[in-house]
Amino acid sequence: MPGGYMGKILCVDLSSGRLSDEALPESLLRDYLGGYGLGARLLYDRVPAGADPLGPANILGFLTGPLTGTNALIGSRFVVVGKSPKTGTWGDANCGGQFGPYLKFAGYDGVLVSGISPKPVYILIEDGKASLQDAAEVWGHKTAESEALLKRKHGEKAQVALIGPAGEKVSLLACVMNEEGRAAGRSGLGAVMGAKRLKAIVVKGTQTVPVADDERLREIRRKALAECKEEFLETLKKYGTAGITADSAASGDSPVKNWGGSGRFDFQPEHADRVSDDAVVAHQQRKYGCYRCPIACGGIMNQGKGQFALSLPHGHKPEYETLAAFGSMTLNDNVEAIIKANELCNEYGLDTISTGCTVSYAIECYENEIISPVDTGGLELRWGNAAAIVELTRQIGAREGFGASLADGIKVAAQKLGPEALTYAIHVQGEEVAMHDPRFLPDLATTYLMDATPGRHTQGGALVAPPDMKFDYDKYDYASPVHAQAHRAFVNITHVLNAAGVCLFGVSTFGYKVLLEQLRAVTGWKEMTDEDFLRAGERIAVIRHAFNLREGLNPLLRNIPGRLVGKPPLNAGPLKGITLDYATQIRAYLKEVDWDSKTTVPSPAALRALGLGELIPDLRRANVPAVETF
Amino acid sequence: MPADATIVVRLRVAPTLRHTLPAFAGAKEIEVHLAQGATVYDLAAAVGLDMVQMGLLCVLNGQTASAEATLQQGDEVRLLHRLAGG
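Protein chains in written order, with this note's numbering: chain X, 938 to 1567; chain W, 3 to 88.
These aren't lab readings, by the way, just hints derived from the structure by calculation.
Please read these numbers as outputs of a predicted model, since none were measured by experiment.
Check before you lean on any hint, since a few could be wrong.
[Stated by the list, open to error] With a straight-line Cα cutoff of 16 Å, these simulated EDC-like cross-link-like pairs (lysine to aspartate or glutamate) come out:
| no. | chain 1 | residue 1 | chain 2 | residue 2 |
| --- | --- | --- | --- | --- |
| 1 | X | Lys1166 | W | Asp52 |
| 2 | W | Lys30 | X | Asp1518 |
| 3 | X | Lys1504 | X | Asp1518 |
| 4 | X | Lys1090 | X | Asp1071 |
| 5 | W | Lys30 | X | Glu1207 |
| 6 | X | Lys1066 | X | Asp958 |
| 7 | X | Lys1450 | X | Glu1164 |
| 8 | X | Lys1463 | X | Asp1151 |
| 9 | W | Lys30 | X | Asp1210 |
| 10 | X | Lys1504 | X | Glu1488 |
| 11 | X | Lys1450 | X | Glu1464 |
| 12 | X | Lys1141 | X | Asp1064 |
Just chain X, same shape as in the assembly (with noise of 0.2 Å):
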């Protein structure tokens, strides 16, 4: 078994009440190194297209990278997968915090969760040993206290990962929680988890996780700390990524007003200041880090006083995602209700770039007279009202009152509101979409059309490039074969990143190359070379997209809202005038990755090339649809 590997994952089918322990092959783990790319290889196996997302043939997987649990820089990751219910495509959330480690330590890469439980249950992990537990007295409860349960019963140090209410009510919001405060927030997996019954996974280890050349690893860290100048690391460490609030809304970077206002504009630089960098950790009491993570870059706030008081005395602190989801989406600079509608979030357990833009969708709505204080219950629903969009919060996560017609988000939500409400659904496929505008950034057109999980920011692209990969581009030069290189490579080495386990940020600060150089001496693979690594990239977005290829689904068919792209454009600010020519954009990086330009399907060069010739017929018989004109 090579390093950075417990050697097995669990299988627990939850219909039948039976657990097993199942190895995986080395030639697997070199293919997909861990997270989702070993998730997609296993649920593509696994799970049969056509299953009902919320359904017992759904596997609900999580899973580390081989420089989880280690020292690496920055090894805290896990991932949680499935086919998700909001977008009927693949789905992935990636979270930090103790747990990815902790359930290594505990002796498992991964757990695979199938069946339905006819109760509500948890499974627990106790140094290699697995049992389904009764979870009667933990069901209905919020976050923290569920968590805070479960340590009482099984000890502080036990790890937890779990789902609040939002996710036992199956809402398309809900996220996996751990630590209070860490989420795996996306493609809605949490509804998944919950209509497994599945409260919670608690683990609880001592093991270690093997390393080959241990002593290489903490050269290569040392060298790494000792030599990085990334300024944006220095921003990490004392704000979190609440330092890039205001100058995100300042350049373009942040929608605004859901989707339809400018920075400049609509939420000028007095009211961001208010929710950005200092003003925000100034109602913090301290940092804290995921594991062994040198950064830091979360914080614990200060409970408050007043209307937004937090209900525990250690909540956490907002990252940029969610100050500009409730902030600039919504047109509120009251940080204290942004404070507070997090912790709402977290103790619902719901992802907040989805609360935040679902409640801008409706503070649009309202504003316009789709909705009225009838429907509402008395809520006044306009830009800005931080009260409102607070309580409109906690609705949604206890999906009660008006919050109730939004707990499956901005898609569901618009179905039932009639047409002239489609108008303001900016989402894609179902997913609403990160808090960063391809107008100002348009490779994330790509990222948020094409990529197997719509609508996310971190599934790679220019936006999350490391700063040792360069490539010499107009941003708006749609047709550059460069352009399209470009995004292929940022592509496979943030897949290669996510699989391996490691945070983002160890990658944006630190570079590739470095993280390259620790799955090396974690692994022991010293013969596999940085291409062999970035085709392992190319091979898990490829197993990715096929997913949803056997679905039938084709990425040109998504729904392309028109605020994202500039139809029309804006008429003031840092993105006045501007239009993508996405189309352009995507036919050049299917033409780079030698996908078909019409079905989207790889050619059989491609996959040969990849080791997954096998998926040639299965692609043939899934019928994907062609689109002749995008």
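With chain X fixed as given, assemble chain W onto it according to the hints.
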């Protein structure tokens, strides 16, 4: 304007830089005096920043601009980090 005239522009930088750059001493925004014809790159250098090496973006009067953009009296400049997710 005479050949030796100066212009005055307002500058904001990324939050951590305002605490580390002596020119800012923690202030959100400062005024910088530059020679006529100065560029954004010159402005950054005047406060101790290498735009290219640090990969900073420029927003000039609310619009993104390159480091070569020439500044005018009264311009408002923001120098920002390249983006990252989160």
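These are the hints, each one checked on the structure:
A distance of roughly 13 Å separates the Cα atoms of X:Lys1166 and W:Asp52; the hinted pair therefore holds under the 16 Å criterion. Of the supplied pair hints, the one linking W:Lys30 and X:Asp1518 is violated, its CA atoms being roughly 37 Å apart against a limit of 16 Å. Among the hinted pairs, X:Lys1504 with X:Asp1518 is consistent with the structure: their alpha-carbon atoms are about 10 Å apart, no more than 16 Å. Between X:Lys1090 and X:Asp1071, the direct Cα distance comes to roughly 12 Å. Compliance with the 16 Å bound is thereby established for this hinted pair.
About 11 Å separates the Cα atoms of W:Lys30 and X:Glu1207, which keeps this hinted pair within 16 Å; it holds. Annotation: proposed proximity of X:Lys1066 to X:Asp958 holds, straight-line Cα distance about 10 Å (limit 16 Å). For the suggested pair X:Lys1450 and X:Glu1164, the alpha carbons sit about 13 Å apart, so the restraint of at most 16 Å is met. A distance of roughly 13 Å separates the Cα atoms of X:Lys1463 and X:Asp1151; the hinted pair therefore holds under the 16 Å criterion.
About 10 Å separates the Cα atoms of W:Lys30 and X:Asp1210, which keeps this hinted pair within 16 Å; it holds. With a CA separation close to 30 Å, the supplied pair X:Lys1504 and X:Glu1488 exceeds the 16 Å bound. Of the pairs offered as hints, the one joining X:Lys1450 and X:Glu1464 holds, with about 15 Å between alpha carbons and a cut-off of 16 Å not exceeded. Proximity of X:Lys1141 to X:Asp1064 is assessed by CA-CA distance (about 6 Å); at most 16 Å being required, the pair is judged to hold.
Of the hints listed earlier, those the structure fails to meet are numbers 2, 10, in rising order.
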